[in-house]
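S.K.: Two chains, two frames, a set of hints: combine them into the complex.
These protein sequence lines are chains D and H, in that order.
Residue 1 is where the first sequence starts when you use my numbering, and the numbers rise one by one after that.
Residue 1001 is where the second sequence starts when you use my numbering, and the numbers rise one by one after that.
Worth flagging that the hints you see were computed from the coordinates, not collected in a lab.
Do not rely on the hints blindly, as some may be mistaken.
[As the list claims (entries may be wrong)] In silico EDC-like links for lysine to aspartate or glutamate, alpha-carbon gap of 20 Å or less: (1) D:Lys-281 - D:Glu-315; (2) D:Lys-220 - H:Glu-1057; (3) D:Lys-201 - D:Glu-274; (4) D:Lys-220 - H:Asp-1058; (5) H:Lys-1149 - D:Asp-71.
Next come the chains, spelled out residue by residue.
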Amino acid sequence: MPATSVQAPARPAPLPGGAGPGTGDPEHSPRRRALRRRRLIALLFMLPALLLLGALVAYPILFTVGRSLFDASGTRFVGVENYAEMFRDPATLKAIRNTTIWVVVAPLLLTGLGLILAVLTEKIRWATAFKLVLFMPMAISFLAAGIIFRVVYEQDPERGVLNAVAVGVHDAFEEGASYPTARPKDSTVLAKGKDGSYTTKDKASPGNTVNLGLVGVPPKDLPKDAEPARDASAATPGGAELRGVAWVDFTLGGGGKPGQVDPKESGLPRLAVEAVDADGKVVAETTTASDGSYRFDKLAAGDYSVRLPARNFAEPYGGVEWLGPALITPAIIGAYLWIWTGFALVLIGAGLSAMPRDVIEAARIDGANEWQIFRRITVPLLAPVLVVVFVTQVINVMKVFDLVFVIAPGPVQQDANVLALQMWLVSFGGGNNQGLGSALGVLLLLLVVPAMIFNIRRFRRSQS
Amino acid sequence: MTALPTTASSKTGRPRPMAWLLRQLSRSLVQLGLVIVGLLWLTPAFGLFIGSLRPDEDNAATGWWNALTNPGSLSLDGYSALLDNSGIVDAFWNTVLISVPTTVTVVVVAALAGYAFAWLEFPGRDWIFLIVVGMLVVPIQVGLLPVAKMFGAVGLFGTIPGVVLFHVAYGLPFAVFLLRNYFAEIPREMLEAARMDGGSEWRIFLRLVLPLGRPAIASLAIFQFLWVWNDMLVSLIFADSQSQPLTVALQSEMRQFGSNIGVLAPGAFLSLIVPVAIFFAFQRHFVQGVMAGSVK
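This is chain H alone, in the form it adopts within the complex (with noise of 0.2 Å):
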C-alpha cells in the first residue's frame, strides 16, 4: 500500500489526485470484498471443527459460536472417543486399504498403456485410444449393476479387492489419457536413440519413460488417491459392513443417529484431514491433478 504512490508518480510523472484516489478506493473495497467471501469460505468447515472438540450437550444446546467466548469448553473428548470406537477406526483402515492399492494399480496399468499408445505401434491403436477418450465420461451408474453381478457370481462382491477392482476399472479411462498426452510429449529423438542402442521397450520404459512422467504420475496419483478415498457410492454398493470405508460408515451412523455431530464432526475430520494434508504438502501437483481431471 506504501509503494503505490510513488510509483504511480513515477510512471505517469503527474497523478490527478482525484482519479489516484478513486482507484486506490475501488482497490480497497476488492480487497476488503475479497477477504469477506475467504472468511465466508472458511466458516463451515471451521464450524464443523470447532464443533468436533465441544461436548455434546453443548452441541446439542447451541451453536460452535458459542465456544468461541469460551474456549475453556473445548477438549479433545470427541476425538478419544472416536478411537475407542472399534467400527470407525477399521473402517479407516478400510478406506487406507481400498486407496492404497487402488492408487498404485491404476498407476502402473495405466502406465503401461500410455506408453503402448504413446510410442508403440499396432493396428488400430488411434481408435481404441478414442474409444478410451470417450469413455472418460461415461458415469459409473451404467457399470454398477453388472458388475454388482459379476462380483457376486465370482465372490469378490462385499470384499475390499472388489471395490478396488470397480476403482481401478473407471480410474482407467482418465489415467490413461493423462498419462498417453505426457509420455506422447517425450521428444521422438530421446527414444529412437534408446531404441538404436538396443534398449528393449521394457527398459525403454523403466529407465527413460518413467523418470521423465514423474510429474504426470504425481499429479495422476494424487488425483486418483483422493478420488477414492472420498468415494461413497462405489463402496455403498461394494462392500459389506466388514469392508466399508470411512465415507460409508459415517454415513451409516448419520442414518442411525440423525445429525449426531458428536460421532459425526469428529468423524468427518478424520476423514477430510489425510487429503487437506496432501493438499497442502502438495499443492502444485494437486491443483494440476484436479484441473487435469477436469475432463472425467
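Chain D with its partners taken away, still in its complex shape (with noise of 0.2 Å):
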C-alpha cells in the first residue's frame, strides 16, 4: 500500500456529555484523548529502547557505583576505601600509570600521523587506494590484530619480521662477523686474555706469517662467502708485512691435520685482527678477508703478537626485546597505530577535501611556500577536525583491553597492565575483589565524563 493514501480512517466523533474522564469541557476531551493517544504510541515506539537501556545501563551504572562502596565480598560498607586502595595496589597503580602513557601518546601520535598521511595523500593520484589500504585493519578485531603483531614481535629474528630487519640493519653497520663458540685449536699458539680476546704466545716480526687455528665453528655461524685458505696461507710475506690467515682447523668428515691449513678447510671471514707491540699498545688492526687472510703492511721493524679482539666472539646481536617488560606498552601502542590511523587518515582527509580552495591558492600566488600554507592555513582550518579525532581516541584509549590482553605474554601482562584489563582482572579474571572491580569500573566512567560533556554540548549546538 503506497504511504500516501487517500483513505482516511474514521475518527471517533466527539460525544457530547463528557466521555473523557475528568473533563467538565466537551470541546476539550477528544483533543486531549487524541494527545494521550499519541503520547501512547510514542511510548510504545521507545519502550523497547527504554526498557533496555534502562535495566542494562542506567540502573548497572547506579549499581556499580553503589557497590564500590563496599568490600571484596559486597557484605561490609567500606566507604572510599576501594578508592584509597586504588591508588596503594601496586598493579592498580601500574595500570593507572599505563592508561597514562597510553592517554598521552597514542592520540597525539595518531592524530599527527593521521594528518600528514592526509596532506601528503591529497598529492596523489590513487589517494583511494592508499586510504583503502591504512583503513582495512579497522575491519579486522583486536584479536587478530594482536595475533599479528605477536607474530611481528617475535624476538626470535630467524621468526620475528621486525627484529629480522633490526639484525639486518645492525649487522649491515656493525662489520665483522661473531663466532661466539670459537676457540683456538693449539692454546700454546694463543692465550686467551681475561677480556676473552686471544694473543699469540710467541712475538712475530714483519716478513713472518702467523696463521691462526681455530675450532669450535659450527658451519651455520661460518658466512657464506668463507673461501678455503689454503693458497692464502701460502703466501709469502713482503718485507715489511705481517700476514697469515685465521681458519678453521678442522676438516669436515675428518682428515686435516692439526695445526696445518688443509685443502678443504675454510678461513675466517671479517674476523678482527690486531697488531700489538712489546708495550701492549695496538700499532695496526684489520679484518680477514673471506679467505680468512689478514695482512699488516709498513709495520715498523720489532716483536709484534697478534691479537684476536674478544669482539669477535661476542654472541650476535639478537635484535630487540619489544615484548619485554620495558617495551611492552609502546609495542602494543604501535599496533594500536597500525589499526587506527586508516580512522584519522579518513576523517582528516575528509576535512581537507571540503576545505576552501582559493585561501589556499591566494596564499600560493602571496608567495606562500608549502610549509607556511600547512601551518598557518591547513591545521587552523581543520582544527575541529583534530579536535574530533583526538578526543575519539583518548576515549577509546581509556578502555583499550583486547589488545593488551593478547600481545602482552602471561609474564609481562602486570607491566603493559592498563584500567580496564585491571577491571577484568580484579573483578572476574581470578581477583574476586567486586568491591575494587567496581570502583575501577566507576573510575572509568568518571574519565569519560568530559568526553560525555563534550558529546552532548556538541549535539546541543548542532540543534540550534
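M.R.: The following block contains the structure:
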C-alpha cells in the first residue's frame, strides 16, 4: 500500500456529555484524548529501547557506584576505601600509569600521523587505494590484530620480521662476523686474555707469517662467502709485511692435520685482527678477507704479537626485546596505530577536501611556501576535525583492553596492564574483588565524563 | 606523469624548468614514500596469511618470508585441520549466532526509538535524548558486574541470548543517536502530508521513514555487526565454553599453547575474512558507519 493513502480512517466522533474522564469541557475532551493517544503511541515506539537502556545501562551504573563503596564480598560498607586502595595497590597503580601513557601518547601520535598522511595523500592520484589499504585494519578484530603483532614482534630474528630487519640493519653497520663458540685449536699458540681476547704467545716480526687456527665454529656460523684458506696461507709476506690466515683448523669428515692448513679447511672471514707491540699497544688493526687472510703492511721493525679481540667472540646481536617488560607498552601502542591510523587519515582527509581551495590558492599566489600554507592555513582550518579525532582517540584509548590482553605475554602482562584490563583481572580474572572492580569501573566512567559533556554540547549546538 | 608537463606549460605559459623539475621531484618522493607506507601497512597481515599456509615445523624454525622463495611449501593443510577442529567450528557458528541477532535487534529497536525521538512529541523527549547522547561513551566496564549478576539470577549468564542482550543494550545509545539524527533530516512536509492522509504512525514508520532511512540503517547495521563480530571482552565474561565465539576460543587456544601459529594463524584469518569481505563489498557504508560510530 502506498504511503500516501488518501483513505482517511474514520475518526471517533466527539461525544457530547463528557466521555473523557475528569473533563467538564466537551470541546477539549477529544483533543486531549488524541493527545493522550499520541503519547501512548510514542511510548510504545520508545519502550523497547528505554527498557533495555534502563535495565542494562542506567541501573548498572547506579549499582556499580553503590557497589564500589562495599568490600570485596559486598557485605561490609567501606566508604571510599576501595578508591584509596586503588592508589595503594601496586598493580592498579601500574595500570593507572600505563593508561596515562596511552592517553598522552597514542591520540597525539595518531592525530599527527593522520594529518601528515592526509596532506600527503592529497598530492597523489591513487589516494583512494592508499586510504583503503590503511583503513582495512579497522575491519579486523583486536584479537586478530594481536595475533598478527605477536608474530611481528617475535623475539627470535629468524622468525619475527621486525627483529629480522633490526638485525639486518645492525649487521649492515656493524662490520665483522661473530663466532661466539670459536676457540684456539692449540692453546700454546693462542692464549686467552682476561677480556676474552686471544693473543699469540710467540712474537712475530714483519716478514713473518702467523696462521691462527680456531675450532668450534659450527657450519651455520660460517658466512656463506667463506673460502678455503690454503692458498692464502702459502703466500710469502713482503719485507715490512706481517701476514697470515685465520682458519677453521678442522676438516669436515676428518683427515686434516692439526696446526696445518689443509685443502678443504675454510678461512674465517671478517675477523678483527690486531698487531700489538711490546708495550701492549695496538699499532695496527685489520679484518680478515673471505679466505681468512689478513696482512699488516708498513709495520716498523720489531716484535709484535697478533691478537684476536674479544668482540669476535661476542654473542651475535639478537634484535630488540619488543615484548619484554621495558618496551611492551610502546609495542602495543604501535599495533594500535596500525589499526587506527586509517581512521584518522579518512576523517582528516574528508576535512581537507571540504576546505576552501581559494584560500590556499590565494596564499600560493602571494608567495607562501608549502610549509607556511600547512602551518598557517591548513592546520587552523582543520582544527575542529583534529579535535574530533583527538577526543575520539582519548576515549578509545582509555578503554583499550583486547590488544593488551592478547599481545602481552603472560609474564609481562603486569608491565603492560591498563585500567580496563585491571578491572577485568580484579573482578573476573581471578582477583574476585568486586568492590575494587566496581571502583575501577567508576573511575573509567569518571574519566569519560568530559567526553560525555563534549558530546552533549556538540549535539546541542548542532540543534540550535 | 606524461600528461603533467603539457598541463603545467599550458597553465603558466612558460614554466621555469628548475621549479618544474623540483616540483616533479618532490611529487615523486611523496609517491615513493606513500608506496612504502602502504606496503608497510600490508606487511603484518600478509605475514600472518603466509604463516597460515606454512607447515608447523616451518613456522617453528623460520619466519614467513622464507616461504616467498619456496612457495611450493605452502598448503591449505592448516585450514583443513581447523575445519576438523570441532571447537573452532562451533565457535565460528556461535559468532554468527551472536552477531546476526544482535544486529537485527539493535536496528529494529533503535529505528523505533529514533523515529519517536525525531518526530513524535511527548513530555521530556529532549531530556531523555540528551541522556542517550551521554550514554554514548559509557564504558561497558561499569555494566559488566551488575549485569553478570542479573543474568546469573535469571539464568542468562553463559548463554548466547545473554551475550546478545548485553551487546544490544550497549549498542543502542549510538544506534538511537545515529538514526534519530538521520530521521530528523526527513522534510517535515513529507510526514505532515502522510499524516494528513490519515496514515497511522506505524504505517508512516514502515512505509516512509524506514525506506528513506536506508543509507543510515545500512551503515549502522554494518558497524554494529562488525563491533559484535570482533568483540572479545563481552563474550569473555558472558559466554561459557559452549556459547563462546571465535575470538574467545582463539584467545584461550593462545593461552594454552603460547603462540601456536599452526592453529592461531588460520583461526585469525577465519575470523577476519568475514569483516574484510564486508569492508570490500560495502566500502562506502562501512567507512560512513565507522566514522559515525567514532563518537562512541
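S.K.: Given the hint that Lys-220 of chain D pairs with Asp-1058 of chain H, does the C-alpha gap stay at or below 20 Å?
M.R.: Status holds; Cα separation ~18 Å.
S.K.: Between the alpha carbons of Lys-201 of chain D and Glu-274 of chain D, is the straight-line distance 20 Å or under?
M.R.: holds, 14 Å
S.K.: For Lys-281 of chain D and Glu-315 of chain D, compute the direct alpha-carbon distance and say whether it is at most 20 Å.
M.R.: With Cα atoms ~26 Å apart, Lys-281 of chain D and Glu-315 of chain D exceed 20 Å; violated.
S.K.: Need the status of pair Lys-1149 of chain H, Asp-71 of chain D: alpha-carbon distance at most 20 Å?
M.R.: This hinted pair holds, its Cα atoms lying about 16 Å apart.
S.K.: Take a quick look at whether Lys-220 of chain D and Glu-1057 of chain H sit within 20 Å of each other, Cα to Cα.
M.R.: Status holds; Cα separation ~19 Å.
In this structure, the one hint that does not hold is number 1.
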